Amino acid sequence: MEFLKIHNLCKVYGEGESQVVALDHVSLDIKKGEFTAIIGASGSGKSTLLHAIGCVDIPTSGKIFLNGQDIYAQSSVRLAVFRRRQVGLIYQFHNLIPTLNVVENITLPILMDRRKVNEQRLYELLHLLGLEERKNHLPNQLSGGQQQRVAIGRALMNAPQVMLADEPTGSLDSKNGHEIIKLLKESNRIYGQTLLLVTHDENIALQADRIIGISDGKVVRDERMVRS
Amino acid sequence: MLRNKEIRQFACVFLLAAAAVSIAAYKIHPAAGLLAVFFAFLSGLLFLGFTRERYKRIARVSEEIDQVLHDADRVYIAGCEEGELSILESEVGKMTARIREQNSALKKEKEHLAQSLEDIAHQLRTPLTSANLILSLLEDNPRDEDEAELLRETEELFAQMDMLLTSLLKMSRLDAGIIIFQKERIEVKSLVETAIRPLLIPMEIHEVELTVSVPEGIFIEGDFEWLAEGLRNVLKNCMESAKDRGRVWVACQDNALYTEITVRDSGKGFKEEELTRVFDRYYRGKDTRTAGFGIGLALLRNIITRQNGTVTARNHPEGGAVFTIRFPK
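For the protein sequence lines, the chains are A and B, in the order given. Take 1 as the starting number for the first sequence in my numbering and just add one per residue. Take 229 as the starting number for the second sequence in my numbering and just add one per residue.
Pulled out of the complex, with its shape left as it was, chain A reads as follows:
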């Protein structure tokens, strides 16, 4: 059964003459554990799509089913809780809370659930991300690449069912960007999470299992990469 089912999703901003159709009846099926890249030019609607899936932005119409659950059939409070537990989000900038250190940022979703942090998992994660030395630093003491790693750590800590990354390498140089994508791919492989990555860079998109192209709010391309 499909893990993520998007059905006739529409997002319209504004009204009348100045109406902007960001998403135009988008329908997609995504399998669990798949690494999917969503590629498109600026303004094509790809970020809007990601935000709709990540329960950050409510669509105008259409439905999204995650693991069989109709995401938007819930109140915004429940949506927030859902997002905290089931979704990991990574943005291009400003992922971290500036007043919390690395460990606190990573364990944020768990702390918000008032749960005890699994120390072993935390240290495994810090090791995977190469952040052991900097675990008590504040975000402004970290480089861009390191900040993105912390963001990935936070997205992984709660073992969410789906990871959404919106141009995670946009503000990084190519070497760092490469590393980040490698990390994401590895966690996709190790933890078996479904990973959706939005990018405008074709090279990055080629690393995914499946590429979906969006243009003017519509799906124009849907290819599966065949790898041995």
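Careful, some of the hints might be misleading.
Label pairs and their calculated CB-CB ranges [unchecked claim]:
#1 288(B) to 119(A): 52 to 62 Å
#2 504(B) to 77(A): 55 to 65 Å
#3 120(A) to 241(B): 33 to 43 Å
#4 178(A) to 339(B): 50 to 60 Å
#5 178(A) to 352(B): 18 to 28 Å
#6 43(A) to 278(B): 17 to 27 Å
Here are the simulated SDA-like pairs of lysine to any residue, each with C-alpha atoms no more than 20 Å apart in a straight line [to be verified]:
#7 31(A) to 325(B)
#8 31(A) to 213(A)
#9 336(B) to 192(A)
#10 5(A) to 328(B)
#11 185(A) to 333(B)
#12 557(B) to 409(B)
#13 322(B) to 33(A)
#14 116(A) to 316(B)
#15 338(B) to 348(B)
#16 31(A) to 536(B)
#17 398(B) to 534(B)
#18 31(A) to 534(B)
#19 338(B) to 395(B)
#20 322(B) to 298(B)
#21 336(B) to 213(A)
#22 471(B) to 506(B)
#23 322(B) to 115(A)
#24 31(A) to 479(B)
#25 496(B) to 550(B)
#26 185(A) to 329(B)
#27 336(B) to 293(B)
#28 116(A) to 319(B)
#29 322(B) to 8(A)
#30 63(A) to 77(A)
#31 417(B) to 479(B)
#32 411(B) to 329(B)
#33 31(A) to 506(B)
#34 63(A) to 115(A)
#35 322(B) to 293(B)
In case anyone wonders, no lab produced these hints; they're calculated from the structure. What you are looking at is a predicted structure, and each value in this text was computed from that prediction instead of being measured. Glycine included, each C-beta is placed from N, C-alpha and C at the ideal position.
Since the structure of chain A is already known, use the hints to place chain B on it.
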């Protein structure tokens, strides 16, 4: 609810406290005492009521886990609220999703492995067939009796290799779960006869005496071809243990609980330490002169167990090995 230890403990403590407070209140004023009793009663009821709801919710989580684990299509829906129960539901949902995923990955790996084995086996067959052909050409004109003997031995070895390949293939297919067994009504007598048929000539050559006591009219349910194959493997094993001028017995017993087929030989039987390993895949027994291959019995066990039967091996009190195949009703 009283079966939960914490509820029993609570009930005891609460009743004691309520009694103490009520008596104290009564001493102050009878009406106060009555009020205290009433209030204790009310709060007890309320608490138990809320607790019962919570337990019901926990029970629902257990039920849902059970359903999800056993039904491939069902997905665990977690409530999205603050609080411990909701977090529990959410974590359980993640866990069951992960388990299901691992199961399907495992299944895919098994199928992949079976496919690889099949490819290897097919590839091995090609040179084997060619070798066989060359061998038969050589056998037409042997230089002398010694050479003819060597050629005959080689032919036998090739035949064994071929048989091993076939068994390996079957084994891997069974393991991967690709085989679907038929469910037919089988008469045991005809099953035994079919299993024995290809072995009759070798038995004659080695002067092995075969006694079959299988009454007519006994039926079991299963896949005829595969069961005949399994039975043949056992018979072959026993025939080889019995050696020249040995004996093999096949019998069938039927009662209200099960149908049982026993195969016995007059050979040396098993050593104590061998008994647990007889059905292991490549175990050949301490006596390496036996030409049998360890895979025959492993195949048998696989076939029988997958059709809900059991097979055991032990030593007969009068000597020799006994294999018991049992199908419960």
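Hint check results:
1. 288(B) to 119(A): 52 to 62 Å: violated (32 Å)
2. 504(B) to 77(A): 55 to 65 Å: Given about 60 Å between the Cβ atoms, the range holds.
3. 120(A) to 241(B): 33 to 43 Å: holds (37 Å)
4. 178(A) to 339(B): 50 to 60 Å: violated (35 Å)
5. 178(A) to 352(B): 18 to 28 Å: violated (44 Å)
6. 43(A) to 278(B): 17 to 27 Å: 53 Å Cβ-Cβ, so the 17 to 27 Å window is violated.
7. 31(A) to 325(B): holds (13 Å)
8. 31(A) to 213(A): holds (17 Å)
9. 336(B) to 192(A): Roughly 15 Å separates the two Cα atoms, so the pair holds.
10. 5(A) to 328(B): Holds: residue 5(A) and residue 328(B) sit about 19 Å apart, inside 20 Å.
11. 185(A) to 333(B): holds (18 Å)
12. 557(B) to 409(B): holds (18 Å)
13. 322(B) to 33(A): holds (13 Å)
14. 116(A) to 316(B): holds (13 Å)
15. 338(B) to 348(B): holds (15 Å)
16. 31(A) to 536(B): At roughly 35 Å apart (the allowed maximum being 20 Å), residue 536(B) and residue 31(A) break the hint.
17. 398(B) to 534(B): The hint holds at about 13 Å.
18. 31(A) to 534(B): Violated - the C-alpha atoms of residue 534(B) and residue 31(A) are around 32 Å apart, more than 20 Å.
19. 338(B) to 395(B): holds (17 Å)
20. 322(B) to 298(B): Satisfied, since the Cα-Cα distance of roughly 16 Å is no more than 20 Å.
21. 336(B) to 213(A): violated (30 Å)
22. 471(B) to 506(B): holds (19 Å)
23. 322(B) to 115(A): Within the cut-off at roughly 16 Å; holds.
24. 31(A) to 479(B): violated (54 Å)
25. 496(B) to 550(B): Roughly 11 Å separates the two Cα atoms, so the pair holds.
26. 185(A) to 329(B): holds (18 Å)
27. 336(B) to 293(B): Cα-Cα ~24 Å, so violated.
28. 116(A) to 319(B): The given pair, whose Cα atoms are some 14 Å apart, holds under the 20 Å limit.
29. 322(B) to 8(A): Roughly 27 Å separates the two Cα atoms, so the pair is violated.
30. 63(A) to 77(A): holds (18 Å)
31. 417(B) to 479(B): With a Cα-Cα distance of about 10 Å, the restraint between residue 417(B) and residue 479(B) holds, given a limit of 20 Å.
32. 411(B) to 329(B): Judged against 20 Å, a Cα distance of about 30 Å means the pair is violated.
33. 31(A) to 506(B): violated (44 Å)
34. 63(A) to 115(A): violated (31 Å)
35. 322(B) to 293(B): Cα-Cα ~11 Å, so holds.
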